[in-house]
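Novice: The hints should help you fit chains B, C, D, E, F, G, H, I and J onto chain A, whose structure is shown.
Line order of the protein sequences matches chains A, B, C, D, E, F, G, H, I and J. Going by the numbering used here, the first sequence opens with residue 13, and the numbers climb by one from there. Going by the numbering used here, the second sequence opens with residue 13, and the numbers climb by one from there. Going by the numbering used here, the third sequence opens with residue 13, and the numbers climb by one from there. Going by the numbering used here, the fourth sequence opens with residue 13, and the numbers climb by one from there. Going by the numbering used here, the fifth sequence opens with residue 13, and the numbers climb by one from there. Going by the numbering used here, the sixth sequence opens with residue 13, and the numbers climb by one from there. Going by the numbering used here, the seventh sequence opens with residue 13, and the numbers climb by one from there. Going by the numbering used here, the eighth sequence opens with residue 13, and the numbers climb by one from there. Going by the numbering used here, the ninth sequence opens with residue 13, and the numbers climb by one from there. Going by the numbering used here, the tenth sequence opens with residue 13, and the numbers climb by one from there.
Not one of these hints is a red herring.
Here are the simulated SDA-like pairs of lysine to any residue, each with C-alpha atoms no more than 25 Å apart in a straight line:
(1) E:K26 <-> I:K26
(2) D:K21 <-> B:D70
(3) I:K21 <-> E:E76
(4) D:K21 <-> D:G77
(5) G:K21 <-> G:K74
(6) A:K26 <-> C:D80
(7) B:K57 <-> C:V61
(8) A:K92 <-> A:L35
(9) I:K92 <-> J:R33
(10) J:K21 <-> J:K57
(11) C:K26 <-> E:M63
(12) A:K92 <-> H:D70
(13) B:K21 <-> B:A71
(14) D:K21 <-> B:D62
(15) C:K21 <-> E:D80
(16) I:K92 <-> J:D23
(17) C:K74 <-> C:D29
(18) H:K57 <-> H:D70
(19) J:K74 <-> J:E32
(20) F:K21 <-> D:R49
(21) C:K57 <-> B:Y90
(22) D:K26 <-> D:R49
(23) B:K26 <-> A:Y90
(24) G:K21 <-> A:V61
(25) J:K92 <-> I:E82
(26) H:K74 <-> H:I37
(27) A:K21 <-> A:D70
(28) C:K92 <-> C:M13
(29) E:K21 <-> E:Y66
(30) G:K92 <-> G:L35
(31) J:K57 <-> H:T28
(32) G:K21 <-> I:G48
(33) G:K21 <-> I:D80
(34) E:K74 <-> E:I37
(35) F:K57 <-> F:Y90
(36) B:K26 <-> B:D70
Across the chosen pairs, the derived CB separations fall in these ranges:
(37) E:E32 <-> D:K74: 39 to 47 Å
(38) G:E32 <-> I:E32: 28 to 36 Å
(39) G:P38 <-> J:M63: 22 to 30 Å
For the record, the hints were derived by calculation from the structure and aren't laboratory data. For glycine and all other residues, C-beta sits at the position ideal for the given N, C-alpha and C.
10 protein chains.
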Amino acid sequence: MATAIVLLKTDRRKVTDTAERILEIPSVSEVYSISGRHDLMVIIKCETVDMIEYVITDALLKVEGVLDSETMFAFRSYEKREAGRAVDVD
Amino acid sequence: MATAIVLLKTDRRKVTDTAERILEIPSVSEVYSISGRHDLMVIIKCETVDMIEYVITDALLKVEGVLDSETMFAFRSYEKREAGRAVDVD
Amino acid sequence: MATAIVLLKTDRRKVTDTAERILEIPSVSEVYSISGRHDLMVIIKCETVDMIEYVITDALLKVEGVLDSETMFAFRSYEKREAGRAVDVD
Amino acid sequence: MATAIVLLKTDRRKVTDTAERILEIPSVSEVYSISGRHDLMVIIKCETVDMIEYVITDALLKVEGVLDSETMFAFRSYEKREAGRAVDVD
Amino acid sequence: MATAIVLLKTDRRKVTDTAERILEIPSVSEVYSISGRHDLMVIIKCETVDMIEYVITDALLKVEGVLDSETMFAFRSYEKREAGRAVDVD
Amino acid sequence: MATAIVLLKTDRRKVTDTAERILEIPSVSEVYSISGRHDLMVIIKCETVDMIEYVITDALLKVEGVLDSETMFAFRSYEKREAGRAVDVD
Amino acid sequence: MATAIVLLKTDRRKVTDTAERILEIPSVSEVYSISGRHDLMVIIKCETVDMIEYVITDALLKVEGVLDSETMFAFRSYEKREAGRAVDVD
Amino acid sequence: MATAIVLLKTDRRKVTDTAERILEIPSVSEVYSISGRHDLMVIIKCETVDMIEYVITDALLKVEGVLDSETMFAFRSYEKREAGRAVDVD
Amino acid sequence: MATAIVLLKTDRRKVTDTAERILEIPSVSEVYSISGRHDLMVIIKCETVDMIEYVITDALLKVEGVLDSETMFAFRSYEKREAGRAVDVD
Amino acid sequence: MATAIVLLKTDRRKVTDTAERILEIPSVSEVYSISGRHDLMVIIKCETVDMIEYVITDALLKVEGVLDSETMFAFRSYEKREAGRAVDVD
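With the rest of the complex left out, here is chain A (with noise of 0.2 Å):
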């Protein structure tokens, strides 16, 4: 599972148009309105890199009200999946 997180800054009169067509993006996981100089953070997971980026080019980036975006790539996920803190993530 390979996942990548997107800061957007978004067109400011449209914040909630656009994050609700971003959760319509399938793989698309979480979309939050956060703090800072980016107006929405979006998880992105998929199976592999290649449908990250297809993902994130050829969706995320073209919906309408997006302005800019910058990208992270989670190298290594350490999630905890709950209960017995079990380990061995993705």
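Specialist: Just chains B, C, D, E, F, G, H, I and J now, with coordinates in the frame of chain A:
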């Protein structure tokens, strides 16, 4: 449920150790080793904002190996919990 | 009570008008014309974080004259008004 | 009444202690633990600009735990508390 | 006496014209064409902070040719009034 | 007459002392304690550019308490005090 | 052999098209879609520095979809040409 | 094949030594001494993202002489070397 | 002899044309196409600072194709060409 | 002839000494004490790019007093000294 995202710069010789220590903090749901100027991205989820503040100030920032931090607060979470397509997001 | 602080860059010919329109938004408690790279600083206080998000996204950022924003969230407020040590502020 | 807003980067292991020491400085009306690159935001209100300068230079910046600062001066305050239009804030 | 220093980015084809128009604003005591990322530096001196705010917001930022601004407020002036190096300023 | 403007970051515990030592340097005409990321702004006026360089390099930057500096050179001064157009400033 | 690395910000709706057009420029050896604030990273290898300049200025920067660029020049290449880890590069 | 690009700031007295030590790390395919704010640019190619993370965190960042890093991940590589369209590069 | 160095961002489709037009300005001694965030670096040498200001403001910044500028002033030139120690440069 | 321009931040108490030591490095053609965030600007001219790299890495950055550097490479020099169009510069 309140969510904060913390970007951390760590001692470059202790990235993995620092990540593992952070993962043991209750309320820390995910730790990623990320691309960019920071080394780690930590997602914290708590019942209240007060608890978020406590986790960041009294636990996260005191972990050995942490050098600098930039915090984002999620004013709103658009997690995809609805309908059929519902993906199991913590 | 949740608090957010928003730094705004406004249309340089409409700083005063923009400030006055922002002041009419309920939940906006203070508007300052400030030094630095931004023109205005707005303090928003609401009962819940959800309301803060609504006020920023659906009211503040849609005010005519607002060009860019940077938001800070107050995880904790140490306001002096409480208890015995209360000092007479403003 | 003159107002200054100071953003502080503090020793990451002493955020709470530093905030509490700052809160004891007369003229400091509010201290927030905030999101972003800084740790604390301090609001100072004095009768004169001279006093503001004295409070920042001779008290605030000398508090143990303060590492770096960025100061904003409020040229004008549009606080809602006055006159008829008064809205019930905090 | 209150002092503010404003760094301005101007339309690159109108630096001189913009400087001359700014110079006609009462309370503007000096205008410099400077090195760095900005084009002009303006020093404003007024009896009160309120007047400073008015001069910046209602006169300076409305001058044609001004594109962007960064303002600094002088909390204290240590001006040396020549002669016997008399201290005791404003 | 050549003019340079120097923004200084000083040891946060010695802002006033540093300002006073700087004020004693001949050719330093004004020292301000300012808002923003810097602590002091110094205006230097000399007969020649060579003297400006000497004052900055051999006097100003060697004052105890100075930590970092950013220098601006005034290519041209539009000061109002001269000639006929003289407006009554400060 | 001279090498330059160019980071590009492209029209967010045309990242893939722009990458493909750039790939057709002779001397462009690699194009990556990258994380961070830029969208693409381009590696150019030419016999001479003059040719590098020509490729960047007359071909790369004129490709439709390119919005902004930041260029790095490789003063020295330590490429490892596989095999017996042969050093001695170009 | 996964690719990461790492920009490094090194101890200014050990740029060459640091570059040579980095070149000995398996999976490091190229090391450049570059213009700009960084000293070295390192290209890492591995079979999997996990290995990339391991190489950066457990080898590269632990090399003596490395002071700071900024990492970019290549979501997609458009390298020309393959198949038919192959153009004669370097 | 006064010297100024100007870094220019130009219209990315007109770098060469812009450079050639700038080269025709008297007092411009060198124009370089450079790496980094800017496109051109221009060195201006004049008898007086006033002339430098005139060349930048009335000639250089008005050249078509120039989009943004950052100027550095040389307070002192340590050029090797003089006296005995003269080394054979360029 | 290859040209590099290096901006240096030096120990603020040793600007002149550092400049003079740098001036003694062969291939360094000019050293300027400059305005802005840096203290010195050094121009290096060599027959080859390899020599440039050697001068920067093995001589310039090892000079005592140098704290930080930012390097620009001149891909092309439009110096006026050549051929017919020669204008009388400095």
